[in-house]
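Could you build the full structure based on these sequences and the hints that come with them?
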Amino acid sequence: MAGAPKHPVWYHNAVADPRVELQDGPVRQDMLAREVTGEEKAVWWARAVEAFPDYAEYQKNTDREIPVLVLDPAAHEH
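The sequence shown maps to residues -17 to 60 in the numbering used here.
No lab work stands behind these hints, which were simulated from the structure alone. Please note that a few of the clues may not be correct.
[As the list claims (entries may be wrong)] In silico DSBU-like links for lysine-lysine, alpha-carbon gap of 35 angstroms or less:
1) Lys23 <-> Lys42
2) Lys(-12) <-> Lys23
3) Lys42 <-> Lys(-12)
[Said to hold, decoys possible] Listed next, with one range per pair, are the computed distances between beta-carbon atoms:
4) Asp45 <-> Pro8: 32 to 42 angstroms
5) Gln11 <-> Asn43: 24 to 34 angstroms
6) Arg29 <-> Gln5: 19 to 29 angstroms
7) Trp(-8) <-> Lys42: 17 to 27 angstroms
Please read these numbers as outputs of a predicted model, since none were measured by experiment. All residues carry an ideal CB built from backbone N, CA and C; glycine is no exception.
Right, here's the structure in full:
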């Protein structure tokens, strides 16, 4: 639920194990999720709201601070 009082389950899963798979159409890529804070979060939050303005409404609907996770390509060990 958008703007729910608690963080969604996927957030807790990504914090517990930041290894995730991103799928964009048929392309899949291993990524590492990291939570951003401060100025970096402000930059990513502004980008998110620009792309999907409803995010601003989600924040208004809850007392919690909505977290922002950034995905970085995972380094593969050979």
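Okay, the hints, checked on the actual structure:
1. Lys23 <-> Lys42: 17 angstroms, holds
2. Lys(-12) <-> Lys23: Roughly 19 angstroms between the alpha carbons, so the hint for Lys(-12) and Lys23 holds.
3. Lys42 <-> Lys(-12): Distance ~14 angstroms between Lys42 and Lys(-12) Cα, so the pair holds.
4. Asp45 <-> Pro8: 32 to 42 angstroms: Given range 32 to 42 angstroms: holds, Cβ gap about 40 angstroms.
5. Gln11 <-> Asn43: 24 to 34 angstroms: 32 angstroms, holds
6. Arg29 <-> Gln5: 19 to 29 angstroms: 20 angstroms, holds
7. Trp(-8) <-> Lys42: 17 to 27 angstroms: 21 angstroms, holds
Against the hints set out earlier in the document, no violation occurs for any number.
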